[in-house]
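Visitor: Take a look at the letters that make up each chain.
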Amino acid sequence: MVRLPYTTALTTLFSYGLLFAFGQLRDFFRKFVDWFKAKNVKGYAPICLGLEDFYVRRLYLRIQDCFGRPIASAPDSWFDVVERTSNDNNKTLQCTSNTTRCLNLGSYNYLGFAAADEYCTPRVIESLKKYSASTCSVRVDGGTTKLHAELEELAARFVGKPAAILFGMGYVTNSAIIPCLIGKGGLIISDSLNHNSIVNGARGSGATVRVFQHNSPAHLEEVLREQIAGGQPRTHRPWKKIIVIVEGIYSMEGELCKLPEIIAVCKKYKAYTYLDEAHSIGAVGQSGRGVCELLGVDPADVDIMMGTFTKSFGSCGGYIAASKEIIQHLKQSCPAHLYATSMSPPAVQQVISAIKVILGEDGSNRGAQKLARIRENSNFFRSELKKMGFEVLGDNDSPVMPIMLYNPAKIPAFSRECLRQKVAVVTVAFPATPLLLARARICISASHTREDLMKALDVISRVGDLVGIKYFPAEPPKIAEADHDKLE
Amino acid sequence: MDMALPVVNATAAVFARVSAAFNAPLARAVVFGVHIDGHLVVEGLLIAVIVFQLSRKSYKPPKKPLTEKEIDELCDEWEPEPLCPPIKEGARIDTPMLESAAGPHTIVDGKEVVNFASANYLGLIGNEKIIDSCIGSLEKYGVGSCGPRGFYGTIDVHLDCESKIANFLGTPDSILYSYGISTIFSVIPAFCKKGDIIVADEGVHWAVQNGLHLSRSTVVYFKHNDMASLASTLEKLTRGNKRAEKIRRYIVVESIYQNSGQIAPLDEIVRLKEKYRFRVILEESHSFGVLGKSGRGLAEHYGVPIEKIDIITAGMGNALATDGGFCSGSVRVVDHQRLSSSGYVFSASLPPYLASAAVSAVNYLEENPSVLANLRSNIALLHKKLSDTPGLEISSHVLSPIVFLKLNKSTGSPTTDLDLLETIADKVLKEDSVFIVTSKKSNLDRCKLPLGIRLFVSAGHTESDISRLSSSLKRVSASVLSDY
Chain A
1 MVRLPYTTAL TTLFSYGLLF AFGQLRDFFR KFVDWFKAKN VKGYAPICLG LEDFYVRRLY
61 LRIQDCFGRP IASAPDSWFD VVERTSNDNN KTLQCTSNTT RCLNLGSYNY LGFAAADEYC
121 TPRVIESLKK YSASTCSVRV DGGTTKLHAE LEELAARFVG KPAAILFGMG YVTNSAIIPC
181 LIGKGGLIIS DSLNHNSIVN GARGSGATVR VFQHNSPAHL EEVLREQIAG GQPRTHRPWK
241 KIIVIVEGIY SMEGELCKLP EIIAVCKKYK AYTYLDEAHS IGAVGQSGRG VCELLGVDPA
301 DVDIMMGTFT KSFGSCGGYI AASKEIIQHL KQSCPAHLYA TSMSPPAVQQ VISAIKVILG
361 EDGSNRGAQK LARIRENSNF FRSELKKMGF EVLGDNDSPV MPIMLYNPAK IPAFSRECLR
421 QKVAVVTVAF PATPLLLARA RICISASHTR EDLMKALDVI SRVGDLVGIK YFPAEPPKIA
481 EADHDKLE
Chain B
1 MDMALPVVNA TAAVFARVSA AFNAPLARAV VFGVHIDGHL VVEGLLIAVI VFQLSRKSYK
61 PPKKPLTEKE IDELCDEWEP EPLCPPIKEG ARIDTPMLES AAGPHTIVDG KEVVNFASAN
121 YLGLIGNEKI IDSCIGSLEK YGVGSCGPRG FYGTIDVHLD CESKIANFLG TPDSILYSYG
181 ISTIFSVIPA FCKKGDIIVA DEGVHWAVQN GLHLSRSTVV YFKHNDMASL ASTLEKLTRG
241 NKRAEKIRRY IVVESIYQNS GQIAPLDEIV RLKEKYRFRV ILEESHSFGV LGKSGRGLAE
301 HYGVPIEKID IITAGMGNAL ATDGGFCSGS VRVVDHQRLS SSGYVFSASL PPYLASAAVS
361 AVNYLEENPS VLANLRSNIA LLHKKLSDTP GLEISSHVLS PIVFLKLNKS TGSPTTDLDL
421 LETIADKVLK EDSVFIVTSK KSNLDRCKLP LGIRLFVSAG HTESDISRLS SSLKRVSASV
481 LSDY
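Protein chains in written order, with full-length UniProt numbering: chain A, 1 to 488; chain B, 1 to 484.
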């Protein structure tokens, strides 16, 4: 939980107020300047009216160079960041041909499959030569190859469900599946911090949507009781079905979901559960099987498990794993299965090889090593950061750790100073997070070595002192014992 | 008379005494320089009573919220529907499995077949140059890009691909999306918000419909590819509507409709758009790389300057034989999407090897424009050979690479129609080894156009392939449809 001290809240609000005032002043002057210049698009309403893009024009553009940094190599633990310059005060950025080699703390590369891998890449190239880069066809027409069938079966076995279905993009998986499962007359109860794809899918389905407080099974129970007793709005007819949607690891908080309690509540009230494991599949759990394994929940208790292959498997696409009947129903009615080009065969082969490495079926124990390393790295990094006095969110074992910044001026300061010292971090601000709670988010990978982590800690500590984000007192360093020894 | 006078006197005396009693103590009261008279007290009391009555709540029967026990009972009684409906008997669930690349000849379920089911219009599947550039990309960058565009997911090949496509089309800028179908349903909600007006063709495919639904704007459909209907709809929406000037208005059309194979008359649409001041969103998935002298799409085909089309979107999973999509337009249009398009901001970026495949494909098209002539001659040949198929008629445009065959006489119910068509497709595959497919419809799709058999013609097909297809189709449809 985020504990926002009063002084920080006041200073942050003051900063935003100042930025807002300056932005309004500039808009005012811009109106005069534009009045003299001729407008050549007459009769068409502008794309953004008035204050709709105020945040973009006046706040975001000032710090635009902290986002969207292009890279010129694979997103491995060290990569080349392309330098960009601007000659109109950050309104437009041009890429130069210089690159800087930086430590990568921002890419979703949990198990280190991002760059060319010794087991996966030769097989991927073979499948590329055999099946070519795309099938140019939808899955039901001529887009199903043997690889797709193999991966569906392997994914189902990995997750622990009877059957699975594949899609070429994780975002589309959520937005196109939820409307197939529930429609008008149904109720969707989703966590308040769910991802945009789930929100879009819920909106597109036509069902009523209610939100429960983030990760709070007690509030979920309250909402369920109220809704079942009240029925549909206005007519009070009973709901057709209720689906509760939660995520495994929330990417902006780094927290794990309280899955056992939420499943217990859902079973008691006969609601269906949908678990989105985009960040947790492959990254947590003893053998990489996700939150269910880590928290000791039987996969049969979760009705629908969804995940993506982008983060831990170094590929693209998503999957849904559920019972055989649900998967058959989806194969017949899901628009993403019937209308979208099937997943590219080399990407499918990459996932198959990655899962085989994780399960140890490639004949080596690299998978188990990677899983152990990411767990060690995450726990070590988190405890060190906390000792230094940073405010770090998230639970143990989660490879995502946000460091709170709060103040809008600290966002570009932290990002630019870290880049100058050859560490690439990701900073997130409004609208991905609430206005006052801007943060820097670190993603740890199994390919980070101990030296990489020490260097990162060193740089972050120095930059943290410069920028002033050590909100908690640091633990005193352990020289007291050495002094004691010396005295005696 | 004698009695009345003393009574009157007595009453007057009583009044005088009462008023004296009232006046006496207050005669000395002077508040703010005003004498307090007796009647003011009565008036004051009346006002107090009125205010008191007004401030009391009207009587409503007390609301009793449900007790915990009642809620428990309701929760116990409630039975949800099953999560998915039971599978219908006889529903086809197995799809043909490919065992090699989806080129003009492929291996399906162990047999070599002629493939008319892949939208491989330029025959680029299996092209050596493209595969080599993909291999280079795979070795340098790996498979996935491991991040959204805003957080170190922008790789230099993405920027190269965007500028290549913008140069090829002749537009100022373009933006890449990571999946073909997500392009249009992210672009439409980025520009159209609640309160805007959208005029769309009723035959647009599901992705466009989903985008229109997510945008929450007012959507008005016009008859499929009917310009008179479009003109009258635009007239109705703008006539006498002063407010219409201030809200954003869009026309959404596809260049080649997936559901029917018709081509939208762009010159007419542009004329209407300029007359009524609407912006045009053109979905070019199946015409990019196909129509036009050099494959630059519908605008080149009709000779319309590309600046007149405000937003062009396309999926690259067809002619360019790769995956992903792009959107092209003015700098303002493209920059707006980099922050407000949900499929761009909240999703991982396109795998780099697919972006380099797109760059190689566009290079190939620029260097070998003769491949378009091959495609056009194949389509013309197919039209000629299939023109006398018993029971089926070609309902797509003569230039469309999607050749749409529908039943001459529908049996009356869409399910039986679909059954007949699927029987024809199955028999053609089993008996003559030609792979064709019917058009599919999800129950979430609200397009009402008739279903049919869709043939995807490629520049890689030879004359003998096309002859095989036409003779097989004629034979099978004669036998299956002879009873109808």
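None of these hints come from the bench; they were simulated from the model.
Certain hints may be false.
Derived DMTMM-like pairs (lysine to aspartate or glutamate); straight-line CA-CA distance at most 20 Å [unchecked claim]: (1) A:LYS91 to B:ASP417; (2) A:LYS270 to B:GLU70; (3) A:LYS267 to B:GLU77; (4) A:LYS270 to B:ASP173; (5) A:LYS422 to A:GLU83; (6) A:LYS331 to B:GLU73; (7) B:LYS246 to A:GLU83; (8) B:LYS140 to A:GLU221; (9) B:LYS140 to B:ASP109; (10) A:LYS129 to B:GLU128; (11) A:LYS130 to B:ASP132; (12) A:LYS270 to B:ASP109; (13) A:LYS129 to B:GLU99; (14) B:LYS430 to B:ASP132; (15) A:LYS184 to B:ASP445; (16) B:LYS275 to B:ASP226; (17) A:LYS268 to B:ASP72; (18) B:LYS140 to A:GLU226; (19) B:LYS69 to A:GLU126; (20) A:LYS331 to B:GLU77; (21) A:LYS146 to B:GLU99; (22) B:LYS129 to A:GLU325; (23) B:LYS129 to B:GLU367; (24) A:LYS241 to B:ASP76; (25) B:LYS63 to A:GLU226; (26) A:LYS146 to B:ASP109; (27) A:LYS331 to B:GLU139; (28) B:LYS88 to A:GLU325; (29) A:LYS270 to B:ASP72; (30) A:LYS241 to B:GLU73; (31) A:LYS267 to B:GLU139; (32) A:LYS270 to B:GLU68; (33) A:LYS267 to B:ASP160; (34) A:LYS268 to B:ASP419; (35) A:LYS129 to B:GLU139; (36) A:LYS267 to B:GLU68.
Visitor: So, for every hint listed, does it hold in this structure?
Guide: Hints and how they fare:
1. A:LYS91 to B:ASP417: 57 Å, violated
2. A:LYS270 to B:GLU70: Distance of about 17 Å is within 20 Å: holds.
3. A:LYS267 to B:GLU77: 14 Å, holds
4. A:LYS270 to B:ASP173: 51 Å, violated
5. A:LYS422 to A:GLU83: Holds, at about 12 Å.
6. A:LYS331 to B:GLU73: Outside the cut-off at roughly 38 Å; violated.
7. B:LYS246 to A:GLU83: At roughly 42 Å apart (the allowed maximum being 20 Å), GLU83 of chain A and LYS246 of chain B break the hint.
8. B:LYS140 to A:GLU221: 50 Å, violated
9. B:LYS140 to B:ASP109: The given pair, whose Cα atoms are some 35 Å apart, is violated under the 20 Å limit.
10. A:LYS129 to B:GLU128: 9 Å, holds
11. A:LYS130 to B:ASP132: The given pair, whose Cα atoms are some 13 Å apart, holds under the 20 Å limit.
12. A:LYS270 to B:ASP109: The given pair, whose Cα atoms are some 43 Å apart, is violated under the 20 Å limit.
13. A:LYS129 to B:GLU99: 13 Å, holds
14. B:LYS430 to B:ASP132: 35 Å, violated
15. A:LYS184 to B:ASP445: 15 Å, holds
16. B:LYS275 to B:ASP226: 17 Å, holds
17. A:LYS268 to B:ASP72: Cα-Cα ~11 Å, so holds.
18. B:LYS140 to A:GLU226: Roughly 55 Å between the alpha carbons, so the hint for LYS140 of chain B and GLU226 of chain A is violated.
19. B:LYS69 to A:GLU126: 65 Å, violated
20. A:LYS331 to B:GLU77: Violated: LYS331 of chain A and GLU77 of chain B sit about 33 Å apart, past 20 Å.
21. A:LYS146 to B:GLU99: 6 Å, holds
22. B:LYS129 to A:GLU325: 43 Å, violated
23. B:LYS129 to B:GLU367: Status holds; Cα separation ~12 Å.
24. A:LYS241 to B:ASP76: 14 Å, holds
25. B:LYS63 to A:GLU226: Distance of about 16 Å is within 20 Å: holds.
26. A:LYS146 to B:ASP109: 10 Å, holds
27. A:LYS331 to B:GLU139: 34 Å, violated
28. B:LYS88 to A:GLU325: Holds, because 11 Å separates the two Cα atoms, which is no more than 20 Å.
29. A:LYS270 to B:ASP72: 13 Å, holds
30. A:LYS241 to B:GLU73: Status holds; Cα separation ~18 Å.
31. A:LYS267 to B:GLU139: 48 Å, violated
32. A:LYS270 to B:GLU68: 18 Å, holds
33. A:LYS267 to B:ASP160: At roughly 51 Å apart (the allowed maximum being 20 Å), ASP160 of chain B and LYS267 of chain A break the hint.
34. A:LYS268 to B:ASP419: Violated, because 44 Å separates the two Cα atoms, which is more than 20 Å.
35. A:LYS129 to B:GLU139: Within the cut-off at roughly 14 Å; holds.
36. A:LYS267 to B:GLU68: 19 Å, holds
Hint violations for this structure: numbers 1, 4, 6, 7, 8, 9, 12, 14, 18, 19, 20, 22, 27, 31, 33, 34, all remaining hints satisfied.
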